[in-house]
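Asker: Listed here are the chains, written in short residue letters.
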Amino acid sequence: MIRVTLPYHLRTLARVDDEVTLDVQGEVTLRSVLDALETQYPMLRGTIRDHVTGERRPFLRFFACEEDLSHQSPDTPLPDAVANGTEPLVVLGAIAGG
Amino acid sequence: MSGVRVLAGTRKGAFILSSDAKREKWDVSGPHFAGWEIYHAKGSPVDPDRLYVSQSSGWFGQIIQRSDDGGKTWFQPGTPPGEPTTTPEGMPKAESNKFVYDTSAETGAPLTTHQFYDGTQKPWEFKRVWHLEPSLSDPDTVYAGVEDAALFRSTDGGKTWHELSGLRGHGTGPSWQPGAGGMCLHSVILDPSDPARIFIAISAAGAFRTDDGGKTWKPINRGLHSLYIPNPTAEVGHCVHHIAMNPSRPNVLFMQKHWDVLRTDDAGENWHEISGNLPTDFGFVIDVHAHEPETIYVVPIKSDGEHYVADGKLRVYRSRTGGNEWEALTNGLPQSNCYVNVLRDAMAVDSLDSCGIYFGTSGGQVYASADAGDNWAPIVRDLPPVLSVEVQVLK
Numbered sequence: 001m002i003r004v005t006l007p008y009h010l011r012t013l014a015r016v017d018d019e020v021t022l023d024v025q026g027e028v029t030l031r032s033v034l035d036a037l038e039t040q041y042p043m044l045r046g047t048i049r050d051h052v053t054g055e056r057r058p059f060l061r062f063f064a065c066e067e068d069l070s071h072q073s074p075d076t077p078l079p080d081a082v083a084n085g086t087e088p089l090v091v092l093g094a095i096a097g098g
Numbered sequence: 099m100s101g102v103r104v105l106a107g108t109r110k111g112a113f114i115l116s117s118d119a120k121r122e123k124w125d126v127s128g129p130h131f132a133g134w135e136i137y138h139a140k141g142s143p144v145d146p147d148r149l150y151v152s153q154s155s156g157w158f159g160q161i162i163q164r165s166d167d168g169g170k171t172w173f174q175p176g177t178p179p180g181e182p183t184t185t186p187e188g189m190p191k192a193e194s195n196k197f198v199y200d201t202s203a204e205t206g207a208p209l210t211t212h213q214f215y216d217g218t219q220k221p222w223e224f225k226r227v228w229h230l231e232p233s234l235s236d237p238d239t240v241y242a243g244v245e246d247a248a249l250f251r252s253t254d255g256g257k258t259w260h261e262l263s264g265l266r267g268h269g270t271g272p273s274w275q276p277g278a279g280g281m282c283l284h285s286v287i288l289d290p291s292d293p294a295r296i297f298i299a300i301s302a303a304g305a306f307r308t309d310d311g312g313k314t315w316k317p318i319n320r321g322l323h324s325l326y327i328p329n330p331t332a333e334v335g336h337c338v339h340h341i342a343m344n345p346s347r348p349n350v351l352f353m354q355k356h357w358d359v360l361r362t363d364d365a366g367e368n369w370h371e372i373s374g375n376l377p378t379d380f381g382f383v384i385d386v387h388a389h390e391p392e393t394i395y396v397v398p399i400k401s402d403g404e405h406y407v408a409d410g411k412l413r414v415y416r417s418r419t420g421g422n423e424w425e426a427l428t429n430g431l432p433q434s435n436c437y438v439n440v441l442r443d444a445m446a447v448d449s450l451d452s453c454g455i456y457f458g459t460s461g462g463q464v465y466a467s468a469d470a471g472d473n474w475a476p477i478v479r480d481l482p483p484v485l486s487v488e489v490q491v492l493k
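Top line first, the protein sequences correspond to chains A and B. The first sequence begins at 1 in this note's numbering and counts up one residue at a time. The second sequence begins at 99 in this note's numbering and counts up one residue at a time.
Calculated directly from the structure, the hints in this document are not laboratory data. Some hints here could point you the wrong way.
What the hints assert, rightly or not - Looking from chain B toward chain A, a few residues come up when the C-beta cut is under 10 angstroms (computed):
1) V198
2) K220
3) Y326
4) G421
What the hints assert, rightly or not - In silico negatives: residues of chain B with every beta carbon more than 10 angstroms from chain A:
5) E122
6) D145
7) K196
8) D236
9) R295
10) H389
11) E392
12) K400
13) H405
14) V438
15) V478
These numbers come from a predicted model, not from an experiment. Every residue gets a Cβ at the ideal spot worked out from N, C-alpha and C, and that includes glycine.
Excised from the complex, chain A in its bound form:
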């Protein structure tokens, strides 16, 4: 079970109150986790990754286990603690807004 923490506005869009949990088949990578997230919550498609390019949107970052994973390849395996559900993958707004 993979845990994902979403920014507030994406939680309201997905209509979830807390972090979400996902089943991910195969290797646990940013790509496979986000694919599973967008499958379970299709209203999020395009809000984290661009609809067309699939690239991370510029003002979002990915963190896990106190590491910034934003710039690593989407096919790099995520830390074991994320893969086994001990730690969440955190999707974070890169800057605060008023």
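For this one, chain A is given, so just place chain B on it according to the hints.
Answerer: Just chain B now, kept in the frame of chain A:
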């Protein structure tokens, strides 16, 4: 008895303001989509309970929301309630949020560049939907004016969107440039007498018209004079802020340009200035009385350097002569220490016998007049900054 529903889009959500036809007591619903920018919300003239909303965020991009019950419930039409949330191939559906410029060989146009602020050329890049214009005859057909400037259309209730690429690709695109708010297509007017004719306006490119349902377009900017561009009478490059029409006279359009208020009596072939005795002819909104096609409304703004009303007074100006002769409407509006702006899509008129006029301000007030502007009262005073105002009459 008739009722009125006002749809207010703000920097931090949408609000629905409802009243009976007296327009004295109002119920306020919202914020819907709290915390998100709502550039525009508009209902179908065919089915008033069908509402379309543009919800966007600099962080998370563009979302299209739809309601089929007058705003009680909402959904993203790319994933309608009760339908599978994935395609047969297992891909997630949310196509209603996907605005992709059409570059196909069959129907598209090459993705060219436009002029950027510094004069260099920059590729088109979709940012957000500024304006949603539902069809006059089909609740499932709706147009979207977007930034970077292009016109999209959905014929399936907002589930999918397709660009009418003849506008972006008609040839003058490299001369278009962003205004201070971005290179946005902000005005879409459908001609009630001719389904093939559409007027649009872009900041800063100008006004355009199609007579063949969006396949081909022509600039309609003859008569515009803009001192802030290298050629003040250029075919394109003008910062048109808004255009408006009374449906009974579809060849007559009124325009609030960056500076100057203008009108055309021949569907945009020629424009002439009607600023007359306005205290300043900079502004954003312009609208036309629902029953008197020569009665028009603007809210003069001090200047392009000071985006607030002049002299600390919030004044709507009305002309009953189609322009040039203007009177200030002030009853019920603050006449001291007021420094708000009224943005381009933030004024609307209703079609009740005594025409109602509505506008929203950057200070979060939404004002209404039930007597064509003679007297005003705030519906609400303390919303987030108002981006757009539309009104529906409910039977």
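Asker: The structure should be examined with respect to each hint, and the outcome stated for every one.
Answerer: Okay, the hints, checked on the actual structure:
Hint status for V198 (chain B) relative to chain A: holds, with the closest Cβ pair at about 6 angstroms, below 10 angstroms. Evaluation of the K220 (chain B) hint against chain A yields a violated restraint, the C-beta minimum of about 16 angstroms exceeding 10 angstroms. The interface hint given for Y326 (chain B) is violated, since its Cβ lies 31 angstroms from the closest Cβ of chain A, which is over the 10 angstroms cut-off. With its C-beta approaching chain A no nearer than about 40 angstroms, G421 (chain B) sits outside the 10 angstroms limit, and its interface hint is violated.
Look at E122 (chain B): its CB is around 34 angstroms from the nearest CB on chain A, clear of 10 angstroms, so calling it non-interface holds up. The beta carbon of D145 (chain B) is kept farther than 10 angstroms from every beta carbon of chain A, the shortest such distance being approximately 24 angstroms. A Cβ of chain A approaches the Cβ of K196 (chain B) within 10 angstroms, the least distance being about 5 angstroms, so the stated non-interface status is violated. The claim that D236 (chain B) is not at the interface with chain A holds, since no C-beta of that chain comes within 10 angstroms of its own (minimum 25 angstroms).
With a minimum CB-CB distance of about 31 angstroms to chain A, R295 (chain B) clears the 10 angstroms threshold, and the non-interface call stands. The beta carbon of H389 (chain B) sits about 41 angstroms from the closest Cβ of chain A, which is more than 10 angstroms, so the claim that it is off the interface holds. Under the 10 angstroms C-beta cut-off, the non-interface status given to E392 (chain B) relative to chain A holds; the minimum distance is some 43 angstroms. Residue-level check passed: K400 (chain B) sits 25 angstroms from the nearest beta carbon of chain A, beyond 10 angstroms.
The claim that H405 (chain B) is not at the interface with chain A holds, since no C-beta of that chain comes within 10 angstroms of its own (minimum 19 angstroms). Non-interface status of V438 (chain B) relative to chain A is upheld: no Cβ of that chain comes within 10 angstroms, the nearest being about 18 angstroms off. Every CB of chain A lies more than 10 angstroms from the CB of V478 (chain B), the least distance being 21 angstroms, so the non-interface label holds.
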